[in-house]
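S.K.: Sequence:
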Amino acid sequence: MALVDYGSSTDEEEEEELLNSNKNAGEKNVITINKSGQHKRTLNANNDPQYQKRAKTSLPPLPTTLTDMFKDRERPPDNPEKHQGRIRARAHVDGSWPVHVFLEVKLSSEMFDIISTLTKSARAAAHTTVSMLQSIESLKDLKSMPVEATTAADATELHISLTRPLYLQELHLGRFTSDVRDAFKKKKRFNISFSGIQSFSNDEKTRSFLSLRVGSGHAELESLVAEMDAIAERYCQPKFYEDPQFHASFAWAIGGDVLTEKTIETMSELQGELGHELRHCSITIKRLVRVRSKEGTHRIEVDSTDDIIVLRNKIAQELKISDPSTITISDQPNAGATPIDSLSGKTLAGLNVKHGDLLYIGFAEAAVQPTPSKISTVVQDAVDDYLDTQDGLIKRGKDSKFCKHASNGMCDYCMPLEPYDPAYLEEHKIKSMSFHAYLRKLGAHDKKHGTSYVTLPSLEEPSFKVKPNCSSGHPPWPASICTKCQPSAITLQRQLFRLVDHVEFSNAKIIDNFINYWRSTGLQRFGYMYGRYEPYPEVPLGIKAVVEAIYEPPQEGDSEGLKLDSPIEGEKRADEMAAACGLQRVGMIYTDLTDDGSGKGTVLCKRHINSYFFSSQECQFAAVMQQKYPNATKYSSTGTFGSKFVTCVIGGNEEGNIDVSSYQVSNTCMGMVDADIVEPSVEPGIMRVKEPTSERYIPDVFFKYKNEYNLVVQKDAKPSFPVEYLLVNATHGFPVNPAPMFTSTKDFPVENRMGALTQDATSLHRYIESGNLVDLASNFHFLLFARSMGILNDDDEMTLLVRIALTHKEEDANKLAQMPGWQTLLTVLKESAGSSGGGQGSSSSSGGGAGSSGGASAIAPWTCRHCTFLNTHGDENCEMCGLPMG
Numbered sequence: 001m002a003l004v005d006y007g008s009s010t011d012e013e014e015e016e017e018l019l020n021s022n023k024n025a026g027e028k029n030v031i032t033i034n035k036s037g038q039h040k041r042t043l044n045a046n047n048d049p050q051y052q053k054r055a056k057t058s059l060p061p062l063p064t065t066l067t068d069m070f071k072d073r074e075r076p077p078d079n080p081e082k083h084q085g086r087i088r089a090r091a092h093v094d095g096s097w098p099v100h101v102f103l104e105v106k107l108s109s110e111m112f113d114i115i116s117t118l119t120k121s122a123r124a125a126a127h128t129t130v131s132m133l134q135s136i137e138s139l140k141d142l143k144s145m146p147v148e149a150t151t152a153a154d155a156t157e158l159h160i161s162l163t164r165p166l167y168l169q170e171l172h173l174g175r176f177t178s179d180v181r182d183a184f185k186k187k188k189r190f191n192i193s194f195s196g197i198q199s200f201s202n203d204e205k206t207r208s209f210l211s212l213r214v215g216s217g218h219a220e221l222e223s224l225v226a227e228m229d230a231i232a233e234r235y236c237q238p239k240f241y242e243d244p245q246f247h248a249s250f251a252w253a254i255g256g257d258v259l260t261e262k263t264i265e266t267m268s269e270l271q272g273e274l275g276h277e278l279r280h281c282s283i284t285i286k287r288l289v290r291v292r293s294k295e296g297t298h299r300i301e302v303d304s305t306d307d308i309i310v311l312r313n314k315i316a317q318e319l320k321i322s323d324p325s326t327i328t329i330s331d332q333p334n335a336g337a338t339p340i341d342s343l344s345g346k347t348l349a350g351l352n353v354k355h356g357d358l359l360y361i362g363f364a365e366a367a368v369q370p371t372p373s374k375i376s377t378v379v380q381d382a383v384d385d386y387l388d389t390q391d392g393l394i395k396r397g398k399d400s401k402f403c404k405h406a407s408n409g410m411c412d413y414c415m416p417l418e419p420y421d422p423a424y425l426e427e428h429k430i431k432s433m434s435f436h437a438y439l440r441k442l443g444a445h446d447k448k449h450g451t452s453y454v455t456l457p458s459l460e461e462p463s464f465k466v467k468p469n470c471s472s473g474h475p476p477w478p479a480s481i482c483t484k485c486q487p488s489a490i491t492l493q494r495q496l497f498r499l500v501d502h503v504e505f506s507n508a509k510i511i512d513n514f515i516n517y518w519r520s521t522g523l524q525r526f527g528y529m530y531g532r533y534e535p536y537p538e539v540p541l542g543i544k545a546v547v548e549a550i551y552e553p554p555q556e557g558d559s560e561g562l563k564l565d566s567p568i569e570g571e572k573r574a575d576e577m578a579a580a581c582g583l584q585r586v587g588m589i590y591t592d593l594t595d596d597g598s599g600k601g602t603v604l605c606k607r608h609i610n611s612y613f614f615s616s617q618e619c620q621f622a623a624v625m626q627q628k629y630p631n632a633t634k635y636s637s638t639g640t641f642g643s644k645f646v647t648c649v650i651g652g653n654e655e656g657n658i659d660v661s662s663y664q665v666s667n668t669c670m671g672m673v674d675a676d677i678v679e680p681s682v683e684p685g686i687m688r689v690k691e692p693t694s695e696r697y698i699p700d701v702f703f704k705y706k707n708e709y710n711l712v713v714q715k716d717a718k719p720s721f722p723v724e725y726l727l728v729n730a731t732h733g734f735p736v737n738p739a740p741m742f743t744s745t746k747d748f749p750v751e752n753r754m755g756a757l758t759q760d761a762t763s764l765h766r767y768i769e770s771g772n773l774v775d776l777a778s779n780f781h782f783l784l785f786a787r788s789m790g791i792l793n794d795d796d797e798m799t800l801l802v803r804i805a806l807t808h809k810e811e812d813a814n815k816l817a818q819m820p821g822w823q824t825l826l827t828v829l830k831e832s833a834g835s836s837g838g839g840q841g842s843s844s845s846s847g848g849g850a851g852s853s854g855g856a857s858a859i860a861p862w863t864c865r866h867c868t869f870l871n872t873h874g875d876e877n878c879e880m881c882g883l884p885m886g
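Per UniProt numbering, the very first residue in the sequence shown carries number 1; after that it's consecutive.
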C-alpha cells in the first residue's frame, strides 16, 4: 500500500522562496505537476543545500491503526526444510499464479532402468551432497502409494521446458491456456532423440541438475519456443533463453556446483548403455478431438495417423455405447451425419481432423428392458386407485344471470372447476384440500383419466436428519458436516392438504359403547379404530375413514389420563381379525372427559380457543403412530407419503355435551419428531424445540404469523412455538342411513375391561345361549374372543364364523353347528359354566337357538344420576359415590 503525502500551501510557499533565491544560480530545474494539475518548477535536490537539509528530516512512523489493518495479509513463511531444501526464486504474491509450459517425455522400461542406474552412480560420485539428490527412481513404487500422497512432483514422465517460469494473474489464465492451445494446433507430430548427459544449474545457482541433452528435433523445439515467446511477450512475461539447450532433467541436488561435468565423467562407462534408447525416444504432441452428443461434450485423445475406427472405438468406450456401428459423425450440428463405419480405412489426418476440432455425433440407444421399480410395485389403498381414475372436476349448472349461451354450451360462469379451486373451498368451509386434489394441483399426472394417465413421482417425504454417507468425503456426523448433508431450515406453515377429510362412525352405538366405560368408572379409555377408506363426495376427491369397530388394548386408566401396556400379541390378533373382515386400522380414539358436577350429565369443556385443542404431547404421540402406518402412494419416490392414520378425541364442547374431534399432524411434524427436533412442553398448546447436542443436529426453525398490522412476519421458533402449526383438522359424523358391518343386537363384553363385565368362558357361554347365532356372530369383540380361545380352526370354522357375521346366512350357521370345532367349543363352555356354580341357568344345546340367561340380579343395572357410574352389583346405593339410587 502506497501512502501519498501531498504538499500543503506552506510547502509551496517555501519552495517558491527557494526558487526566487536561486533564480540566477544557473541550476537546472525540474518541471512537475502539483496536486491541482498545474505545472510547478522544483529545484534540483543534488545542488541545493537547503533542499538536501530538509530532505534529511525523518518522516514520522505510520500509525499502528494502519499497520494492523494488513496483519492478515502477511506472506506465508518460506521454510526450505519443508520443500526438500529448495529456496523460493520469487516472493509469494497473492493472485499471482506460476505457469510452466513443457513437453512430456514418455520413458520405456529399459530407459527407466538405465536412468535409475545413472542416478545411483551420480549419488556415489557426489558423496554427501548428492545424498539430497531427488530422482524418478523413487517413483517405481508410485502405484502402491495412496492417492493423497501423489502430487504434481510425482509425475511419471520427464519433461522438456518451452518457457521460463511465468507468473500470471488469475484473470489471464484462461486466455493464456487458449493461446497456447491455438499455437500447438499448427504443429505436426515430430520425433526427437537424446545425445547424451549434461549438467545444468538454475538462474539463482541454488540447484544443479543432471539432464538428457536433446539431439534431433532441436529445430522443431525452437519453433515451439518462438511461438511461446510471442505469447509470453503479450502477457509481459520474460522470453525463453536466447540460445536454448533443450534437455530433460532426471536428477537434481541442492547447490549450483554439486552436479558438474566431473560427476558426468564418472558415469562415462554407463552413457554408452543409453545408445539405442536415447536415439529412439520420441515425443508425440497429443491431439485432442472434442465430441459433442446428447450426453454432452467429451474430449478424446487420438493421433493424426489413427484410423477413424480408432476414434469410433474410443467414443463408444467413453460414452458406453453398446453398438458402435450405429455412430454417425458430422462437423456441423444440423448437417447430414455420415455413418462412421463408412469412413473405415481413412486416417484422421486424411479426413482433415485437427487438434481441438469439434465433431458432432449421434448413435442409437439399445432398447432397455423395463424392470419393475419400487414405484410400479406400490400397492395403494383401493380408494386411491379409484380416485386416480376420476377427473375430480366440480360440475356447475348453467347460471341464469350470466350464462347467455344455449343449454349445450359452456362459458366461464358454468365451466367445471378444478378440485383445488380456492374460492370453492372457502365457500363450502373446507379448510384443507384433499390429497388427490393436491396431486392435481402439483400436476402429478395429466388431465386424462382412466388407465392412460402417466405417473410422475413428485412427492418427497420431509427429512430433517443429517444425511449419512455424504458424497463430499468428510467423516460422518457428528465428526463433521457440510451443506450437502445437513438438513435445510424449517419454515412452519399450515399444511395445505389432508389425507383423510372425514371420519364416519358407521353406528352411534360404537361411540356409546366406548364411552360407557368412563360413565361406569370415571376412568379415561383408549382404543384403536378399525374400518376402511371410502370416497367422500362432500369434498372434491375426498377420502373418509369409516369406523366399524374399536379394539381396546390393555391399559391402566385414570381420571386425568391413561397408560398403555404393550402386549403385541393382542394387537396382532385384532389386526388379523380385522383383515379377515376386510378392515384395517384407520386410527385411534380416546376420551378426555370430566363430569362438571351439575348432575345433568354434562361435562367440562377443557379444549377451547383460550386453552388448546390438541396438546403437544398428543402431537408427538400422533406423529409416532402415523409413522407406523404410512400412506402408500405411487406418486412418491419412496413409495410412501404421509399417513391416513387419524386421531379422535372425545371431550366436552362449549355447551357441555360430549363431542368428538378428529385430527392429524402434518408431514412436517412427523419429520421433526422422527429427527428428534421437538419435544412436548408443560404448556399443552406449546411445542418445544430441543437444544442441539454433539449427537443431535437441530436446524433453524421458523414460523410465520400475522402481526398487529395484519402483515405476515417470520419469527424464530426457538425455544417454542404453537402446536397449531402442526395440526390438520378433519370432520366427523354419522351416516344418515346407517349400514354398519356388525349388526348384533346383543352386547358382548369388550376386551381388557376391568369390572363385572369381563371376557371369559362364562360370558361367552351366556352370550351364545342368549339368541340366534346369525345375529350374535355379527359382533367384532365376540369374533376376537372366540378366536383367541384357540379351539376353532382358522381355515374352516373361524372363516365360516366370520362369513356368518358379514353375510348373516342361516345355512352357514347350520353348517357351523355341525363342525367338530364348534361342537368342542360348546362342550368346553358348558363344562366351564357348570363348574362356576349355579345362577346361570340352562338353555338349549343347539348353540344357535334362543336361550335365556337366568340368575339375573334382583335390581337391574342402573346409572347414578350424581356421578354417572353404572352400578351392576344390585344395591340401591351407588358403589362409586355412595348416594342412593332415588
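No lab work stands behind these hints, which were simulated from the structure alone.
As the structure is a prediction and not an experimental result, all values here were calculated from the model.
Fair warning: there could be bad hints in the mix.
[As the list claims (entries may be wrong)] Label-pair ranges, simulated between beta-carbon atoms:
no.: 1; residue 1: PHE402; residue 2: ASP575; range: 24 to 34 Å
no.: 2; residue 1: ASP565; residue 2: GLY656; range: 27 to 37 Å
no.: 3; residue 1: PRO554; residue 2: TYR705; range: 38 to 48 Å
no.: 4; residue 1: THR807; residue 2: GLY656; range: 22 to 32 Å
no.: 5; residue 1: ALA423; residue 2: GLY656; range: 17 to 27 Å
no.: 6; residue 1: ASP700; residue 2: GLU104; range: 47 to 57 Å
no.: 7; residue 1: ASP412; residue 2: GLN617; range: 25 to 35 Å
no.: 8; residue 1: ILE609; residue 2: THR758; range: 55 to 65 Å
no.: 9; residue 1: TRP862; residue 2: SER611; range: 27 to 37 Å
no.: 10; residue 1: ASP331; residue 2: VAL310; range: 10 to 20 Å
Quick reminder that beta carbons are idealized off the backbone N, C-alpha and C, glycines included.
S.K.: Confirm or reject each hint.
M.R.: Hints, one by one, checked against the model:
1. In this structure the supplied range 24 to 34 Å is violated for PHE402 paired with ASP575, their Cβ-Cβ distance being about 54 Å.
2. At about 33 Å, the CB distance of ASP565 to GLY656 agrees with the hint of 27 to 37 Å.
3. The supplied range of 38 to 48 Å is met by PRO554 and TYR705, whose beta-carbon atoms lie about 42 Å from each other.
4. Between THR807 and GLY656, the C-beta spacing of about 42 Å breaks the proposed range 22 to 32 Å.
5. Separation of ALA423 from GLY656 is about 37 Å and departs from the stated range, judged on CB atoms against 17 to 27 Å.
6. Between ASP700 and GLU104 the beta carbon distance is about 51 Å. The supplied range of 47 to 57 Å therefore holds.
7. ASP412 and GLN617 have their C-beta atoms about 50 Å apart, which leaves the hinted 25 to 35 Å range violated.
8. The supplied range of 55 to 65 Å is broken by ILE609 and THR758, whose beta-carbon atoms lie about 41 Å from each other.
9. For the pair TRP862 and SER611, the supplied restraint of 27 to 37 Å holds, since their beta-carbon distance comes to about 35 Å.
10. The supplied range of 10 to 20 Å is met by ASP331 and VAL310, whose beta-carbon atoms lie about 18 Å from each other.
Comparing the model with each numbered hint stated earlier shows that hints 1, 4, 5, 7, 8 do not hold.
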